[in-house]
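Asker: Okay, here's what each chain looks like letter by letter:
There are 2 protein chains.
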Amino acid sequence: MKNYIIHDAWNIIEEGFLPEYNRISESIFSIGNGYQGQRANFEEGFGGETLQGSYMAGVYYPDKTRVGWWKNGYPEYFAKVLNATNWIGMTLIIEGEKLDLHTCQVKDFKRILNMQEGFLERSFIAILPSGKQLRIKAQRFVSIVQKEIGTIKYRITPLNFSGNLDLTLFLDGDIKNEDANYNEKFWENIYQNVQAETATLTIKTKKTGFSLCSATTFEIFQKGNPITLETSPVQRDKYVGHQLRVPLVQNEETTIYKFVAQVTSRDYPAKDLITQAQKALQDAFAKGFETLKMEQAQAWAKKWEDSDITIEGDIAAQQGIRFNIFQLDQTYTGEDARLNIGPKGFTGEKYGGSTYWDTEAYCLAFYLATDAPEVAKNLLLYRYKHLPKAIENAQKLGFKNGSALYPMVTMNGEECHNEWEITFEEIHRNGAIAKAIFDYVQYTGDKSYLADYGLEVLIAISRFWAERVNFSEEKQKYVMLGVTGPNEYENNINNNYYTNKIAIWCLAYTNEIIGFVKGTQPEKLQALFEKINFQEEKECAKWYDIVQKMYFPYNNALRIFMQQDGYMDKEQILVKDLDKSNLPINQKWSWDRILRSCFIKQADTLQAIYAFENEYDIETIKRHFEFYEPRTVHESSLSPCVHVVLASKLGLKEKAYELYLRTSRLDLDDYNNDTEDGCHTTSMAGTWMSVVQGFGGMRLKNDTVAFSPIIPEQWRSYTFKIMHRGSLLRVRVSKENVLLENLSDNVVNIYIHDELCTIEKNSSLMAKGK
Amino acid sequence: MKNYIIHDAWNIIEEGFLPEYNRISESIFSIGNGYQGQRANFEEGFGGETLQGSYMAGVYYPDKTRVGWWKNGYPEYFAKVLNATNWIGMTLIIEGEKLDLHTCQVKDFKRILNMQEGFLERSFIAILPSGKQLRIKAQRFVSIVQKEIGTIKYRITPLNFSGNLDLTLFLDGDIKNEDANYNEKFWENIYQNVQAETATLTIKTKKTGFSLCSATTFEIFQKGNPITLETSPVQRDKYVGHQLRVPLVQNEETTIYKFVAQVTSRDYPAKDLITQAQKALQDAFAKGFETLKMEQAQAWAKKWEDSDITIEGDIAAQQGIRFNIFQLDQTYTGEDARLNIGPKGFTGEKYGGSTYWDTEAYCLAFYLATDAPEVAKNLLLYRYKHLPKAIENAQKLGFKNGSALYPMVTMNGEECHNEWEITFEEIHRNGAIAKAIFDYVQYTGDKSYLADYGLEVLIAISRFWAERVNFSEEKQKYVMLGVTGPNEYENNINNNYYTNKIAIWCLAYTNEIIGFVKGTQPEKLQALFEKINFQEEKECAKWYDIVQKMYFPYNNALRIFMQQDGYMDKEQILVKDLDKSNLPINQKWSWDRILRSCFIKQADTLQAIYAFENEYDIETIKRHFEFYEPRTVHESSLSPCVHVVLASKLGLKEKAYELYLRTSRLDLDDYNNDTEDGCHTTSMAGTWMSVVQGFGGMRLKNDTVAFSPIIPEQWRSYTFKIMHRGSLLRVRVSKENVLLENLSDNVVNIYIHDELCTIEKNSSLMAKGK
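For the protein sequence lines, the chains are A and B, in the order given.
For the first sequence, position 131 matches number 131 in our numbering, and the numbering has no gaps at all.
For the second sequence, position 377 matches number 1377 in our numbering, and the numbering has no gaps at all.
Read the hints as simulated data drawn from the structure, not as lab findings.
Where is the CB? At the ideal position from N, CA and C, for every residue including glycine.
Incorrect hints may appear among the rest.
To be verified - In silico BS3-like links for lysine-lysine, alpha-carbon gap of 30 angstroms or less:
#1 A:K475 - B:K1622
#2 A:K475 - B:K1207
#3 A:K549 - B:K1475
#4 B:K1622 - A:K185
#5 A:K400 - B:K1588
Unchecked claim - A short, non-exhaustive set of chain A residues, derived as facing chain B with CB atoms under 8 angstroms:
#6 K400
#7 G402
#8 E419
#9 G482
#10 E571
Chain A with its partners taken away, still in its complex shape (with noise of 0.2 angstroms):
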């Protein structure tokens, strides 16, 4: 853990290098629009410590799949993010020294993230080893409005000395991804062009065929005003860029303003691409820097006002919150149905892939309260998209019948992670998937997504759950076997509750959900039902039978049902029992003593009963969470969160305002040792879903939110806003009171506290605290 972030409502600072977290700081001060992103590197370079990360939303390489000992079933290839051209690059040499911040002396260092306007910031001052001083002040940003558009300005003002500045702005494509399983490199040249002042460069993936084609250009002003000044083209492989020479004068400051458009053929033509990305170019700078800062501030505000969460009281957790959902609108936007939300967003490489079950199980409560339903809806089209490549992937795993199992990773709707454990038995994603649908249908009422795509998924996971059961003979009751579940930390066991549980509760919403379409859209029934051969009467008493009889592990001394058959043969030892020099398990212990110890990497049974709450008592939910929460290490960044909820709806205050500080600064103050690599980013939904779920007790009661809002001790208010049915709900938590306001035009019904409420357009409603 570390504590060198600066406490701030609405900027993540730095103050002072720390060449030692340089890593860190720049997966934290990461900035991205949905379309693309690029890690807090420095624009003159760093010889130090760090990964240089441009990367484009879609654009991936099929990485061949490196493993110890292949099994059966093993994907070829591991879906790689990209790490593609770096767009920032300008080399600065003064007087024949080069400034890099690794050889210089540095001052006055300051690094900030303007959450608040979506720009980052860096200020210094370097002295070179000739003595020479130079302040430096760069800001830039990735577009939000234009999202094909990065743009830079760069301050230098010399303090001691006046000199000729050899400047080299540059794109630079010769790139490789760090994690490359065989340290290829996955880009190849296709185009390069310096002209005058615009430099493009096109580079195209092996393989995948991606293309993509970036534009740059520039402008010099010292004293208020452009200058010219004559350019060389400079070139080599991938590597585009002009060389000026800038005539430095003491005190005086000199503004590199850098503009840079890139589009891709996953949007154009690849025979188009120059010209998009031209125009787009031409298009940004005839605005100039500071009207696209201007706009970006503009929307920006538009973002935070559906979405922001204040917190009175407790800095940390307000710049933790912000920082969360900063960092989830950059990465996703829900404009273009085919991107998801990638482990690590824009601000990384590792682990690879876009999609998770996070996005599902975590994320889509996100994008449903703070943004339109389409938004929420291209995440659910997304898998629909990739319906028949699940299909075929639970073919290769022997399934037939139309089931599908949808990836545990990918980008393109194909598995491709490869651990037999995960891979093939970590099954529950299915389960999520389904759910996602339910979820989706609920908030928004979009009853029409249910014939036009929801159920044609969940016939197809319904369909893979009546095929990986079996029936047991000796219990007389469906059994699931040789899986794996949320709680990774157990690896091919029988009859997990939590997929157990999900299994059939998506066997009975598909029959739920047949018989509502057969009511309302019976002729889109029987297409589909042809379409997929389904054969009702048969397959849907199946489904019937199943859920009537799936087994379920239990313990009738403890009235606990238990995580899967055998928890209690294992060693019943507490995590505050255990030495913390065990701690964290996945680091000091092998894997098979974490694997037969009782300890739980992230929740499991309790996911379920978070899942499907209304299905148990409130007796019931206490007496599980009393026994696995004492059991459980929250060694997975999406545990906590589940925690959190379950534990302020048991009114457990303490508890889920400690286990709500491991999930909100995980990456501010690098919890897990493992920021340099990226962001954890789909888990920062999870501390969303903490605040609003947890302290504010958000449910949805049919087709109205209900709230029944506590407030930590350290905390004297906060605040959150909800969009739900086209109403904007602020909710605002104090000690003394619940304000509810509705800032809609519509009248709005609520439940605060189980108690029904209407509150008039435009209006508020307060109710007493907790």
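Add chain B to chain A, keeping to what the hints say.
Answerer: Same frame as chain A, now just chain B:
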């Protein structure tokens, strides 16, 4: 499955050149002497599919581990058997045309492995592209008398021309392992030198620093006399040799003799290697090829005298069993306690490592019965010497208190396998190592081994079991969680019957041996206890408690011990009811499907019954065999032999014979389509076991050997020999009777069909067949 090897009692014969099977033949026709081995590559090289392979026992390389996903506790490297200097090499260029069977027409090709005399022979007529015809006859062997020596006799007769042969005789150390994880070369150059008629090359392994010095000389004969030719030296990096121009005369034979001596730094100080190699080389050269070959034949005759098995009426079975014995004797001689029996012997480099549990569970019985007791003792001492590493290995996995976990795969005592479900969980290997001590002492009567070596190993293994189990409060029994049994088609299961069984057997046996040593060598016991800080009262009591309260899954209705917890929850299908297109399931099914099926890769519960047969009455054995055999797919080469032994005991002749066929010609007929990578050397001991313990019904009863022979319908008779406590016994089983011959000068007591008989020295006894 292939069927191209010609059936013959003493020879392995390939007739007609089958380049598509060349890699398979290279494995099958391999030669070795326990010190070095050589695949049946062509001396003149081959442009087609080939795996050039020369191996030196005990010379390995720690190849950096390759994994997809790292798990804590994985070893840093996998020990690879090293492909070493190609010593057989010669290049033949006839009037500008290279002799290469890949580019010639080949006639009358014949390859023979003469098992009786221990050499490889090859003859063919090559028609070069120019039409020139040559007859070639090549013989070679590595000497089992002078282990450092390999020698070749290569005869060339031009059939339709006279002309010049440009001959290069060389040693090539610029060798790469086919299965190098990172495509590296493992050898570096140390010394190379070419003199008038000798060439010397020393290469050294990276990291491990093993030096291998090879020295070669030659002699060329025409018309029965040596001829002298001008030679020129040839050298390049790690390559030394001589070039000569040999005049060939039509229809006259030219004979090339090549002699090679190879010595390593395992046996001599590095500085002496060249001298030692030269010395061995000169000795061999002085003897000449024919003398060396005669010595070889005599030495093999002696080996066969003690270990031959004959089968009348089934030439394929005869060839199969001799091939297996021949390969076992080629692989391990027991002279060097630092060596062990690699899974592929000297016939290939796949899998690497040298030592698996195969040694103790399968091979030991063969060497005990066919060789001097020292041979088997050296196999045991190998593990004794590795005890400190086994304790270290257990410590890495979190065990304390002197517990030992022997590695799954090793070269020097360190674990080098890296699949968590095997490396960390297939812990039953520890049991086999303990059981081998019992088997050795029971067979040889060498009880001194216990106090000197055995007990220390037994205690360390027992300590492991005592730490590895835990007491289940739920079951009020000790359980063993998270293991992989011998049946590797189940991973991370609980309470594997075999593992639990062998664990408590170890605990009980160790307690018994502590008592024995206390009664016989109390001072040695005391010294040992002090050395290992043994708390006798406490530890022995704990072990006793575990023995009493170990949990064994049992099905009351079936009266069957279950292979593991939950086995009967699986869908119960029999192999015979599976559509053949599913077999072998390890090639057709994804891993998860295999894991959740009821199908058994290899004997598991039956392995326990085999190991502890005396503890089960015949009805119990029958019930278990009838339950498990129909569920076993025998997709391990180690499986059928155990079933043969039990089937024979149960009088199921047909079943026993059917299963025997799966083991005896596994490599000769390339059953598993993988002989090209090397032979299944360790499982060859299973074939021996099938005949002797299976059909022959050999068992030990205290200090006495017992036989209960049956004979398959397909055979007229079979014979085998057993060395036991200094007496050589020959057993001949025919349909009518059993002839027992005592070939020794001792009076021998044996059981035949449970009846105790005495056979006078050098006499025989006839019993009725069964």
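Asker: Can you verify the interface hint for A:G482: is its Cβ closer than 8 angstroms to any Cβ in chain B?
Answerer: holds (4 angstroms)
Asker: How about A:K400: closest beta carbon in chain B under 8 angstroms, or not?
Answerer: violated (12 angstroms)
Asker: Verify the proposed pairing of A:K549 with B:K1475, using a straight-line Cα cut of 30 angstroms.
Answerer: holds (26 angstroms)
Asker: Could you grab the alpha-carbon distance between B:K1622 and A:K185 and see if it respects the 30 angstroms cut-off?
Answerer: violated (61 angstroms)
Asker: Taken at face value, is the distance from the CA of B:K1207 to the CA of A:K475 at most 30 angstroms?
Answerer: violated (56 angstroms)
Asker: Taking 30 angstroms as the top limit, are the C-alpha atoms of A:K400 and B:K1588 close enough?
Answerer: Status holds; Cα separation ~15 angstroms.
Asker: Please verify that hint: A:E419, Cβ, nearest Cβ of chain B, below 8 angstroms or not.
Answerer: holds (5 angstroms)
Asker: Compare the distance between the alpha carbons of A:K475 and B:K1622 with 30 angstroms, and conclude whether the hinted pair is satisfied.
Answerer: holds (26 angstroms)
Asker: Less than 8 angstroms between beta-carbons is the criterion; does A:E571 satisfy it with respect to chain B?
Answerer: Because about 5 angstroms separates A:E571 from the closest Cβ in chain B, which is inside the 8 angstroms limit, the hint holds.
Asker: Double-check A:G402 for me: the hint is only fine if its C-beta lies closer than 8 angstroms to a C-beta in chain B.
Answerer: Since the shortest Cβ distance to chain B is 18 angstroms, the answer is violated.
In this structure, the earlier hints numbered 2, 4, 6, 7 are contradicted, and the remaining ones agree with it.
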